[in-house]
Each structure stands twice: as C-alpha cells, then as structure tokens.
Amino acid sequence: MNTNTKIEVLGLGAGDINQLSVGIYRKLIQYQGEIHVRTMDHPVIRSLQMENVHFTSYDSVYEQNDQFEQVYKEIVEQVIDRAKEKGSIIYAVPGHPMLAEKTVQLLLEQEELDVEIIGGQSYLDDLFTALKIDPIEGFQFIDATSFKRNQLEYRQHIIFCQVYDGFVASEVKLALLEDLPPEHPITIVEAVGSNQSAVTTIPLVELDQSAKLSNLTSVYVPPVPANKLNHQFFRLQEVISQLRGPNGCPWDKEQTHESLRTYLIEEAYEFIEAVNQEDDEGMIEEIGDVLLQVMLHSQIGEDEGFFTIDDVIVTITNKMIRRHPHVFSDNTHVDDAEEVVANWDQIKREEKGNKEQSLLDNIPAELPQLLIAEELQKKAAKVGFDWDDSQPMWEKVFEEINEVKHAVELGADKEIERELGDLLFAIVNLSRYYKVNPELALLSTNQKFKSRFQYIENKIKEQGLTMADQTLNQLDIYWNEAKEKE
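Residue numbers (UniProt numbering): 1 to 486.
No lab work stands behind these hints: they were computed from the structure.
Careful: at least some of the hints might be erroneous.
[What the hints assert, rightly or not] Computed list of lysine to any residue pairs in SDA-like fashion (alpha-carbon distance at most 20 Å, straight line):
hint : residue 1 : residue 2
1    : K84       : G33
2    : K378      : K448
3    : K414      : V404
4    : K212      : L131
5    : K228      : P181
6    : K212      : E171
7    : K102      : S214
8    : K448      : D279
9    : K483      : S444
10   : K6        : E111
11   : K382      : V341
12   : K73       : S57
[Stated by the list, open to error] Cβ-Cβ distance ranges computed for the label pairs, FRET-style:
hint : residue 1 : residue 2 : range
13   : K212      : W251      : 25 to 33 Å
14   : D389      : P325      : 52 to 60 Å
15   : I313      : N18       : 34 to 42 Å
Remember, it's a predicted structure, so these values are computed and weren't measured experimentally.
The C-beta atom is built at its ideal place from N, Cα and C for all residues, glycine as well.
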C-alpha cells in the first residue's frame with residue numbers, strides 16, 4: 001500500500017448543511033486540494049458552493065453506464081487514478097461513508113492506496129424518528145439498486161435506500177408485488193433530517209408514480225402479519241407445527257412415518273396424473289400435497305427428536321452441490337447429459353463406499369414391479385450387460401410371446417405366470433430402449449381405458465339401458481366413438 005498517497009472519505013450527512021459536523025465543515029472549507037463527490041445532487045454541496053468550495057463530481061459516469069455495479073467500479077477507478085496523480089484527495093459521499101455506500105466498500109477493498117474514513121452523520125436516526133419505529137423489533141436496510149427478492153424478510157421493518165428514480169422505484173415495486181397486494185401501504189421518505197423532509201404513505205402500486213424521487217429518497221415497508229404471507233415457506237412450517245401441536249388436529253397428531261407411507265405414494269401418482277392431463281392448476285394442488293407429506297414426515301421427525309426439515313433441506317442441498325461439480329466448481333467439465341449421469345453415478349458410488357454388495361442393491365422394494373424391472377435393467381446396462389440396438393429386444397419380445405402361448409397350450413398355470421413375467425420384463429426392456437417409462441406408459445393406457453369405458457357407461461345410461469342389455473359389437477361402437485373424440 002502506498003502510504004504517501006491517501007484518500008480521505010467523509011460523509012455529507014443526510015440533510016442540509018446544518019447537519020454537518022463542525023469538524024467536517026471546517027475541513028471542507030479549508031481544504032486546499034481537490035474535493036471529489038460521487039454526485040452533486042446533495043443540499044450540502046449547494047450550500048458549500050455558495051461559500052466558494054469547488055467540487056469534482058462523477059455524475060457523468062451514471063450517464064455512461066446502465067448498471068450500477070459498473071458505475072461504482074468506474075467511479076472508484078477514477079478516484080484512485082486522481083489520488084495517485086495528486087497525492088491525496090477528499091472523496092465525499094452522501095450520508096455516512098459506511099452506510100449503503102458501495103464505492104467506499106470498493107475503496108476499502110483495494111490495496112494500492114491508504115483510505116481514511118473521516119465520518120459523517122447517518123440518516124438512520126432521523127429516519128427511525130420520522131417513521132416512529134424501533135429497529136430492535138427487526139430491521140432490514142436494503143440497497144434498492146442491488147437486492148434479491150428472497151432477501152426480504154417481511155415480518156421485519158424494511159427500508160429501501162437509494163431509490164434514485166422511477167426506474168429503481170419500478171424494480172422495487174415489481175419485486176414487492178410478487179409478495180404483497182397492490183394496495184399494501186408503503187411510505188416514501190424524502191430528505192429526512194433536512195428542512196425539506198417529507199413522509200408520504202401511498203399504495204404500493206403507486207410507488208414508481210411518485211412525483212419526487214432522488215438520491216435522498218427511501219421507501220419503508222412496515223412489517224406484514226404472518227397470516228398475510230401464506231405463500232412463504234416459514235408459514236407452511238408454522239401451520240404443520242400447529243397441526244401437530246398440543247391444540248392441533250387429532251388426525252395429524254396421531255400420524256406416524258408408517259401410517260403416512262401410502263399417502264405419499266398416492267399423492268405422487270395424483271401429481272403424475274395432473275401432468276399427463278396437462279392440468280396446471282391440478283399440478284399446483286397435487287405437488288402441494290406431495291410437499292405436505294414431506295412436511296408432515298419432517299415434523300414427525302422433529303417431534304420425535306430425530307431430524308427436522310432443516311436437516312432434510314441441507315442434506316439435499318449439499319448432495320446437489322456435490323453431484324454437480326460441473327456447475328458448482330471449476331475443475332469438472334461435461335459435454336452432455338450422458339456425462340452428467342455418468343459423473344452422478346461415479347460420485348454416488350464414492351459416497352456409498354463399499355456398502356453396496358451388488359450393483360443391484362438399493363432398489364426400493366416398495367416400488368411398483370414395472371419400475372423395479374426398469375431399475376434392474378438400467379443398473380445392469382451401466383456395466384455393459386445390455387443390447388446395443390433394439391432388434392434383439394424385439395426378437396426377445398416375440399420369443400417370450402411364443403413361450404406364453406406354449407405354456408397356455410400346455411395348461412401349466414405356474415409356467416404361464418412365469419412366461420408372462422418374462423414377457424413383461426422384455427417389454428420393459430424395450431420401453432427403456434425407447435426412453436419410455438413403463439409405469440407412466442401403463443398409467444396413460446389405464447386412464448385412456450377408464451375414460452373410454454366411462455363414455456360407454458354414460459351413453460348407455462342416457463338411453464335408459466344397462467351394460468347387460470348390450471352386445472359386444474354395440475359396446476365396440478361406443479368405444480370407437482370415444483376413441484374418435486380424444
């Protein structure tokens with residue numbers, strides 16, 4: 001670090017010159033070197049100019065760049081270059097240098113020059129007074145030019161600073177509208193602590209329509225009641241905990257991991273049905289029911305002292321990071337999805353160590369048998385136990401059909417069962433080759449059969465007849481009608 005060259009950083013306060021400390025005022029008045037300011041748009045600067053204090057500003061940098069990140073970087077580079085040239089300079093910023101001032105943070109991160117923070121008055125005290133809030137209740141201070149929606153904790157006081165203009169205000173509004181209704185009250189605070197201070201409460205939807213926005217504008221969002229945030233994850237946790245709590249639901253309280261097993265399977269299949277029907281609303285509801293099962297199992301784990309939903313989340317998060325090194329690290333490269341799968345399997349084997357005695361281990365016994373057949377074949381195929389093309393697979397299917405016929409001709413029940421199993425296994429193998437999930441394929445056919453059969457029932461019912469009154473040919477006519485309507 002070059003200690004012969006120094007940048008003195010001081011704050012101009014949040015309001016007019018009356019807020020400026022005597023020490024900083026004298027330093028600015030008496031300073032013989034260059035005084036650089038991030039922006040000229042500040043009441044203290046206008047007052048000091050009247051006392052013949054000269055400033056060099058970086059307002060032009062804002063006009064030359066679209067992104068604030070680039071603006072701040074460029075300002076800092078220019079400040080450093082000027083300090084090297086002049087030996088030392090003052091760099092003045094609105095408010096306090098250590099409050100919501102990205103350029104100061106960038107200056108402190110660099111190691112070329114010495115940076116001294118002189119001080120300044122923060123506007124937070126005046127802001128809390130104007131809004132009549134106590135930050136001990138929970139408080140977030142957010143840079144409106146650089147934030148993510150998932151950072152926002154609506155149960156606390158939220159203050160957005162640096163709401164410079166309509167564009168920034170619009171970005172804030174759109175983010176808030178993802179979680180809050182258009183009529184939700186927000187407060188615009190302008191030039192707090194100065195004689196131009198103004199506090200105005202408006203509906204959220206009008207935020208970017210405010211007539212006066214500047215670098216002295218802040219936006220306040222008051223805490224939101226938990227029952228208005230039912231779309232957020234913490235609220236779901238609270239609801240499930242209450243259902244299982246002392247004053248909760250008798251049914252929910254008596255559930256166990258074992259009693260809930262069938263529900264998880266049922267909800268998963270109901271979601272698949274909604275996907276097959278391309279029913280977006282149904283998918284929302286059914287995947288919610290799947291999530292409910294996850295939350296209930298996690299709450300049971302917490303109630304019994306074994307694990308919590310946090311354990312579930314950190315486990316899957318860590319697993320996804322470990323098994324996607326091509327995304328989360330720089331030392332792995334993949335060219336296609338097949339390489340991703342190969343890496344996944346390799347990492348999985350390393351994680352499992354020597355626990356697996358066979359490649360065919362760890363296939364859940366509770367899976368439907370069609371899926372177990374597919375998993376067995378997929379695992380065997382990974383070590384080369386598989387055909388290279390579909391022709392021998394087709395031949396195997398026809399071979400198994402003939403063997404079923406032969407078993408039927410012999411009237412051997414056990415043999416028929418065995419040969420039908422071989423046929424199904426061969427068909428699953430063919431499905432796998434064509435990348436068709438056999439369970440989903442059968443589910444689709446079952447749904448199709450159900451829909452057509454119910455059509456037949458309704459047509460016969462409309463005529464005041466019964467199924468028993470119909471011949472097979474008549475039923476086939478209705479079946480074909482249903483088929484044509486699909």
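Exercise. If you draw a straight line from the CA of K212 to the CA of L131, is it 20 Å or shorter?
Worked result: holds, 18 Å
Exercise. Under the criterion that the straight-line Cα-Cα distance not exceed 20 Å, is the pair K73, S57 satisfied?
Worked result: holds, 15 Å
Exercise. How does the Cβ-Cβ distance of D389 and P325 compare with 52 to 60 Å: does it lie in that range?
Worked result: Violated - the Cβ-Cβ distance for D389 and P325, about 33 Å, lies outside 52 to 60 Å.
Exercise. Can the restraint linking K448 and D279 be considered satisfied, given a maximum Cα separation of 20 Å?
Worked result: Satisfied, since the Cα-Cα distance of roughly 16 Å is no more than 20 Å.
Problem set entry | 20 Å Cα cutoff - pair K84, G33 | holds, 13 Å
Problem set entry | Holds or violated: K378 to K448, with C-alpha atoms at most 20 Å apart | Roughly 28 Å separates the two Cα atoms, so the pair is violated.
Problem set entry | Range agreement (Cβ of W251 with Cβ of K212, hint 25 to 33 Å) | violated, 56 Å
Problem set entry | Proposed proximity, S214 with K102 (alpha carbon, max 20 Å) | holds, 17 Å
Problem set entry | Given pair status - V404, K414, alpha carbons within 20 Å | Measuring from Cα to Cα gives roughly 11 Å; hence the hint holds.
For this session: Could you check the hint for me, namely that I313 and N18 are 34 to 42 Å apart, CB to CB?
Result: This hint is violated: roughly 51 Å between Cβ atoms.
Problem set entry | 20 Å Cα cutoff - pair K382, V341 | holds, 11 Å
Exercise. Within a Cα-Cα threshold of 20 Å, do K6 and E111 meet the stated pairing?
Worked result: Holds. K6 to E111 sits at ~12 Å (cutoff 20 Å).
Comparing the model with each numbered hint stated earlier shows that hints 2, 13, 14, 15 do not hold.
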